[in-house]
Amino acid sequence: MSALLWALVALPLTVGTLLAVAGRPADRYAPGAAVGTAVAALGLAVAVAFEHPRVEAPLLEGLPAGLAVDGLSGLMVVTVTAVTVAVFLFSVADIGPGEARARFFGLMLLFSGAMLTTVTATTLPVLLMAWEVMGATSWALIGYWWRDTERGDAANTAFLTTRAADLGLYLAAGAALASGQAGSLALEDLTATTGAWSDIVTAGVIAAAFGKSAQLPFSFWLSRAMQGPSPVSALLHSATMVVAGAYLLLRLEPLLAQSGWGGQVVAWTGAVTAVVLGLVAVAQTDLKQLLAASTCAQIGFMVLAAGAGAVTGGTLQLIAHAAVKSLAFLVAGAWLTALGTKALPALRGAARRHRTAGITFTVAALALAGVPPFALWAAKDVLLAGALEDNAALYTVGLAGAVISAVYSAKALWFVWQPVAVPDEREQRLPYAARLPLAALAVACAALTVTSFPPVRDAVERVLGGEAQPSPYVWEFALSGALAVAVSAVVWIRGPRLLALPGPISVLASGWLRLETAARTLLVTPVLRLADALAAFDDRVLDRAVEGTARGSVRLARWTNAQAERLVDGTVEGVAGGARALGRWARRPQTGQLHQYLAQAVAAFTVLAVVLVLVR
Amino acid sequence: MLTAIVLLPTAMAALLLCLPRSTPRTLFLTAWVVTTAAELVLTVIVWARYRADGGMQYETRARWIPSAGISYHVGVDGLSLPLVAVTCVLFLACALYAWRETRKVREFAALFLFLQTTCLGLFVALDLILFFVFFDLSIVAMYFIIAGWGHQGAARAALKFFLYTFIGSLALLLGFIGLYLATDPHTFDIVELTRANPLAGRSTYGALVLLAIAVGLAVKTPTVPFHTWLPPAHTDAPAAGSAILAGVLLKMGTYGFLRIAMPVLPGAWRDHALVFVVVGVVSVLYGALVALAQNDFKRMVAYTSVNHMGYIILAIGAAGAVGAGHEEARRLAVTGSVFQMVSHGLLTGALFLLSGVLYERGRTYEMSAYSGVAGRAPVFAAMTGVAAFASLGLPGFSGFIAEFQILTGSLGPEPVATGLAVLGILLTAGLFLRALQQVFLGPLRLPAAAPGADRPFPDILRHEALAIVPLLALGVVLGLAPRFVLDVIEPASRAVLELLAR
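For the record, the sequence lines run as chains A and B. Everything in the first sequence is counted per the working numbering, starting at 74 for the first residue and increasing by one. Everything in the second sequence is counted per the working numbering, starting at 472 for the first residue and increasing by one.
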């Protein structure tokens, strides 16, 4: 069985790498190879989900690489591969033969392979590896149409923001190792850490998860990520990348609970994101931006669930949301391709013209609104039941988030069903390859509802293991369903006029709270300034000091040559000259004449005699 | 065996110099490629017969200047073997890359072959004077390569490189003599010095010797503030010279720390480990920030070397925090630092060769002169993208394995410093993404000043791809299956830490 698990991870990664490396020559075969691989991966995922294999290989000293499938991972791998198949089928139609298909499908396979590795990793190093590879492939996918500078910027923003948060995982790994209690950095051992190290581990994991899941304050990168092709958005927002953070928090829920503060922080951040980003979604006039903000909000519910300990509810929400959101983005992409726009006012009547797309989008939007009998309605109640047990205020905020999701979903629906039909010159019909995944996902949006009710919910709970979860009362289902229907109805009837938020708030909300501006002014600009200042310091101070030393040495040499050398040489010359003078002087008495010698001797002896007398 | 590996290139160089200059160019180049390939094969044989837990192997010791305690003593262990291997790989890559070289090919090949001898000799040397001789000879050879085949400002940059590192080597020599005098009987043999631990209990003397050695090695590594020779040397060196300078010569400094400073001066190292931690962190952040501000692609890569070498210094500094527990963490840090040397050699070597490819086509390194190059040269763009992501520490490449070990291992002993150093990987990500976006993405724009702006910007050529692709491929292999290298390094890093704990 372990071979199947290796294959599940290796197959998409290998085929993806090969396609991406082969490039344009492989364009013709790329869609077939990619869809085939995705289908095979789905088969493997179903197989391992039942068998729960576990594999391990040595990686670093004392830190093995481990992969395993348990209840949560099993549900995740099936969700990821199923959504991947749907998105790939759609992409065959959407990313036409003229595009760099090998690059597109190769990167998409790498992307989903990295997600599969993330959700099956049992040790922190492997998780981090897959986690970051996913970030890097998202960069390449968002910047897929690289000739547009704006898309390149968006890709950079996405990668840098998520990587900034990923630093938390590096610190968490270091802290877990430093504590000496987490052994081989297995995820399940992280709860064994204590004290300050444990706090660092918890904080690091939370930061990384918030970054990936675009929770506050990291949400802005997801707005920019919309620059990528629609299938990328469909995959990135539903079953990969952004839900990776939610998955990590659900997986490490015991760590959050054990820390004493982590659960609260996570739950409240999730709840606040659900409300605030919901308002951001309400304020959007671009369909993809609306959906993006709603992703943050919907993932906020999963994060809330992880913080409140409602793992079952969070998981159900994750699966249901994957189906709903991939469907919504695929339809938005189809309209973008067919009508060339994603602005809501320009999409008036789009649903009437493209019936398959219109109906499936309606299913997705109603599910997103929390309208019964679609899946997100019940899943949200399961997780909110966990919040209610924890804290009534948390439940209330969560319910408010649910109501807001009804507002933005109904707003999107209102536009696309407007009777004023947009002129569609191209009159393109959706190809069957694109309709099939839409229909399948729409069915899933409804069918997944059963997972939120016994006996399926009990089965899911059993598969996930862990402690018993609080189950929602009937009135909770009724209340949230009624609210969603009522609010949607009001919005539908009144149209977007109702939605005028007070001026400043609406400006703030439509600009995604200006989070990106804040990040740029508070972090990016100062860092770039600092970099410039240091570069100037490097050139003007450090380097000049070195050059100055060199120049000083040359100057010292010149001075030595001019001054010291003259002094030394002068002394030598002086000594020589003196000796010569002495010699000349000593030659003078030697005249060769006897009388002069006698006189000299007399003088000398006289001096000698005087000296002798005086000394005695 | 090692002696043959060390001397073969120089013998070949001498042979080439005997041939008349009028000999066909390809003969010199073929001889060069064949020699470097033979070197690689020999190294693979050495690796294959190396026992991972066997300590120092392939030892040869011959009398040289016995009166001064100097001998010809060579051997390899887990610290040096990976570096010997990466040296051979890089020299082969450079030989392939230089296939189209036309200027004074005979001398170029001979100098590179001689440089290979000095590099390999340094990594296998087990005698301080032998180490010093190879250390200085490498500077000489590199001086001529930069001055003879570099760009406009090459003469000045080469002189600066030579003088700066030469002065550093003098400090190193001073330290070596200090060690020699402290041992009884006097010796320059590294193995004997390590066994003797000559400065145990003499903290002032030990500190002074460590200072001299550390300054010498820090200039070569280079760490802040001794790094200012590096950017001009790289900017003006030919691409192959840069690749060797960054890929191999810089490692001489960090290797010296692990081979000499830590095992021979354990007491002094433990006492002053914090200095290295601080220098390491400053190098990491300073190097990354200054790189971020560069507009010259090659200069930027040069500054990232300061950043990457900073991680190594941080790790070996953190390894000096003996006694505070964290045994496993410190071992991981030391292993990571050796792995980082290998990884940086491959990846930065590739990046410098790629910058050479860019210069060949556009005659400038200024990034603002380019835009949208991916449209004209998609393979080149893809390779540079891969190299940049590898260099910014993306998992799946060797850089991640190195940096993850270093950061994870250093956090326990030095939490604050490591917490700051982690920011370095974000900064490198930022600077590489900026560079990629500027040069390769966006609308097409090529340097106007290039001879004939409408001149085609050819995609990567076969000899260039042959040189660079293996480096990147090795980066991937080491990033996904690092065990075969880690198995060699881990016993050695354990040995270093045992020596340090004395």
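FYI, nobody ran anything at the bench for these hints, they're computed from the structure. Since the model is a prediction, treat every value here as computed from it, not as a measurement. Please note that the accuracy of each hint is not assured.
DEER-style ranges, computed between Cβ atoms [claimed, not checked]:
id, chain 1, residue 1, chain 2, residue 2, range
1, A, Leu596, B, Arg532, 54 to 60 Å
2, B, Val940, A, Pro575, 43 to 49 Å
3, A, Gly253, B, Val515, 36 to 42 Å
Stretches of chain B that chain A covers, calculated by requiring three or more beta carbons in the stretch to come under 8 Å of a beta carbon on chain A [unchecked claim]:
id, region
4, 707-716
5, 798-805
6, 840-852
7, 897-911
8, 945-957
A short list of chain B residues far from chain A (calculated; beta carbon distances all over 12 Å) [as the list claims (entries may be wrong)]:
id, residue
9, Thr481
10, Val512
11, Val517
12, Tyr543
13, Glu572
14, Ala626
15, Ala642
16, Glu663
17, Pro696
18, Thr699
19, Ala762
20, Val857
21, His934
22, Glu961
23, Ser964
Ideal Cβ placement from N, Cα and C applies to all residues, glycine included.
Results for each hint:
1. A:Leu596 to B:Arg532: 54 to 60 Å: Check passed, 57 Å falls within 54 to 60 Å.
2. B:Val940 to A:Pro575: 43 to 49 Å: violated, 59 Å
3. A:Gly253 to B:Val515: 36 to 42 Å: Cβ of Gly253 of chain A to Cβ of Val515 of chain B: about 39 Å, so the range 36 to 42 Å holds.
4. 707-716: violated (count 0)
5. 798-805: holds (count 4)
6. 840-852: holds (count 5)
7. 897-911: The restraint on the region 897-911 of chain B holds, since 8 of its residues have a Cβ under 8 Å from chain A and three suffice.
8. 945-957: holds (count 3)
9. Thr481: Non-interface label stands for Thr481 of chain B: nearest chain A Cβ at 32 Å, farther than 12 Å.
10. Val512: holds, 27 Å
11. Val517: Non-interface label stands for Val517 of chain B: nearest chain A Cβ at 23 Å, farther than 12 Å.
12. Tyr543: holds, 34 Å
13. Glu572: holds, 29 Å
14. Ala626: holds, 14 Å
15. Ala642: holds, 14 Å
16. Glu663: Per Cβ check, Glu663 of chain B is outside 12 Å of chain A; nearest 29 Å; holds.
17. Pro696: violated, 6 Å
18. Thr699: Per Cβ check, Thr699 of chain B is inside 12 Å of chain A; nearest 4 Å; violated.
19. Ala762: Violated, since 8 Å does not exceed 12 Å.
20. Val857: Val857 of chain B is in fact no farther than 12 Å from some Cβ atom of chain A, at 9 Å.
21. His934: holds, 20 Å
22. Glu961: violated, 5 Å
23. Ser964: violated, 9 Å
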